[in-house]
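Chemist: In the order they appear, the protein sequences are chains A and B. For the record, in the first sequence the residue sitting at position 46 is 46 according to the numbering used here, with numbers rising by one throughout. Converting from the second sequence to the numbering used here requires adding 1000 to each position, the first position being numbered 1.
In case anyone wonders, no lab produced these hints; they're calculated from the structure. Treat the hints loosely; a few may be bogus.
[Said to hold, decoys possible] Covered, in the sense of this in silico footprint (three residues per stretch, anywhere, with C-beta under 8 Å from a C-beta of chain B), are these stretches of chain A: (1) 25-37; (2) 47-55.
[Unchecked claim] Only part of the chain B face toward chain A is listed, based on derived beta-carbon distances under 7 Å: (3) Ser-1153; (4) Val-1154; (5) Thr-1286.
In this text, a Cβ means the ideal position worked out from N, Cα and C, and glycines have one as well.
Here is how the chains run, residue by residue.
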Amino acid sequence: MIGEVEIYGVFIPGLLVLGILAFIVTLVLRLILRRLHFYRFVWHAGLFDTAFYVVVLWIAALATLPR
Amino acid sequence: MRLNAKTIAFTVANTAAVLGALFIAFANDLERPYWAMFTVFVVAKPIAGAVRSKAAFRFLGTIAGASIALLVVPPLVQTPTFLCLVISSWIGFCIYLSLLDRRPRSYAFMLAGYTAAIVGFAVVNTPESIFDTSVARVEEIAVGLVCAAVAHSVFFPRNILDELTQRIDRTLRRGGTWIAHTLVARRSVGLKAQEQLADLVSDLHILYEHVAFETSNVPRNALVMQALQDRLSLILPRVSSIQAALVAVSASGPLNQSTLDVIEAASRWARAFPDASVAASGDVDTQLDAALEQLTVAGKGSSEWISLVQRAIACQLRALVMELSDAARLAQALKNPIGGTAGVATLLGAPSRRVLSRDRGLALLSALAATAATLMACTLWIEGSWPDGAVAAQFAAIGCALFATLDRPSKGLFWGDCGILLALPLAALYSFAIFPRIDGFASLALVLAPVVLLFSWMQTIQRLEGVALVLAIGFSGGLALQSSYRPDFASFINSNAAEVAGLLIAVVANLLFRTIDPVCNAFRISKSGWHSVARLAQMPTLDTRSWTRQMFDRLGLVTQRLVSAKRHDLIGDRIDGLRDLRVGMNLATLQRIADALPPTARMSITSVRSAVSDAYRGLIRGEPLRRPDPCSSIDHGIAELATQGRTETSEEGMAALVGLRLDLTSPAGRYVPPPVNL
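Hey, can you work out the whole structure from these sequences and the hints?
Modeler: Pasting the structure below:
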């Protein structure tokens, strides 16, 4: 994930792209979790959501790591 | 001093967000870290959902504004006059759009307007840096927004639903008490209560928009909320029509026993509300039902005016009791996270698009004021070769946008200007006495912490919220923190003087274009309400629920202005939002039952509708509302309905006609049944 992504001549840091993607993924996952009434078991939803985002971002970063 | 867990959590979260935003901005060598700093202050709210929605809309608006600047500056930079014209018209256009929509999303339009000014005017001398400046602005704002959103959702946030349900519960409880008062004392519902209820319903509408941005544990039930709003906005007109009918009955002699029984039972029911109605129907319910039945039966068979009015009272009370119990059940369902809608599915209506009342004329004036202010500042800047004129133009635009919703923006702007002047010495103290002695981010955070804590704490107090925001913006702008310390007293004075001057220009422009007397505005709002009653009377297909919401919103806006101007005396024959709502409610009832009636009765109802519409058009022209001509067609309608069998529908229609007659004709007049041809 190191390096930059080029979109029409504009260089965007790879981490930013991953961050945006991870945010969209989290939004969808949170929607599903809410449908399943998962949040009954969560003590602090704000903290959970934030941590959840970090985990998704970390997984995305690992997955795109150049080997 | 108010220091409880909530304010401490907010203060700590906000301080953490400010310092975090500064740290990230410094670490990444952003151009103007202080933009990230005051963004945090701008979006800070005690409720997590509100912060997150404001952040999202601010981000969208900033991107749109920066893109516009990117689009218009390069081709127009050689013709400054034209550039200023384009940017200031864009600001006016955005402000116009944002004022038409009073929901949270309007913030995005406002931002799109003044971001274009901030970015566009900043780069006029160095047009080649437009791209970098736009990106920097978006980055700095984004850093501030993300920090604020994360901090305010992690540090023990409050959620919007808890706030709203607390207010709903309080209002329902209080509602029961003042219904009991109104029935027993037969006095009209106080202005204070009207204002409170109307305020609550409008807030439910506006604030519930934030729920989509709440943390995930908060249930989203937009349909339940809409149904609840519908019930709540009917309570006031119902109660006041019952009160008007009671007054009419008691004017013609002492109340009879069955009416007194009904009042007694209903006020007992209202006092026990809402606890009794959420539980299964109790003693109180059966007593009230019996008394209402008694009253209806007592008046049956007679088309005497008084007994008609009594039957109308019974009918309206029945409806009120049902609406209130529905409201209590809906409020209960709203709190219930899982399967909340299961129990109340029958109470929910179809989803409908609702708009709050809006004022195109005033929005246009605000837009003109903003355009004029920006142009004035630009003229001074270009013609006077004022090096810091760009800052003045930016602040003229920002000031006009921020205060555009007020009745007297010039007053708010003036105090804002004073706040910035107050914050400047503090900023100067930091810039020239403290900063030279510190080194590194840790010591910067330490010296800033007391001020940031103080401002954050002030934001938790409703009265000081605006002051705190102005002080925080003035302070962060004055500091103009950048990655390396460059003391420059001359530029400090110049740019801050330009800020103050820009706001003063905004004051002048708003004085010229946008000074409207609150009482005068209340009159304008009532007048648009009359137009809307006339429209409802003519167009049977109008969505009555959204009509009621809009009228109720107007009622709140009018009462709020009259109460704050202490002009209670103005509510009377002309301005009376409750009467307009009652008329609308009765028209809606007539529309609902019309299909179930035979053609002759339907014809008479159509003529009643056109009579009501004529009466309201007369009111708009300045004639009194109570005139003899609606009287005859209403009487005709009553006579027509009296010949129908006594079904539930005809009873409701009768109650509606009686209500219309009480409102639109002189109070002393009575309906005289036509002579029976033998």
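Chemist: Mind listing which of the numbered hints don't hold for this structure, in increasing order?
Modeler: 5
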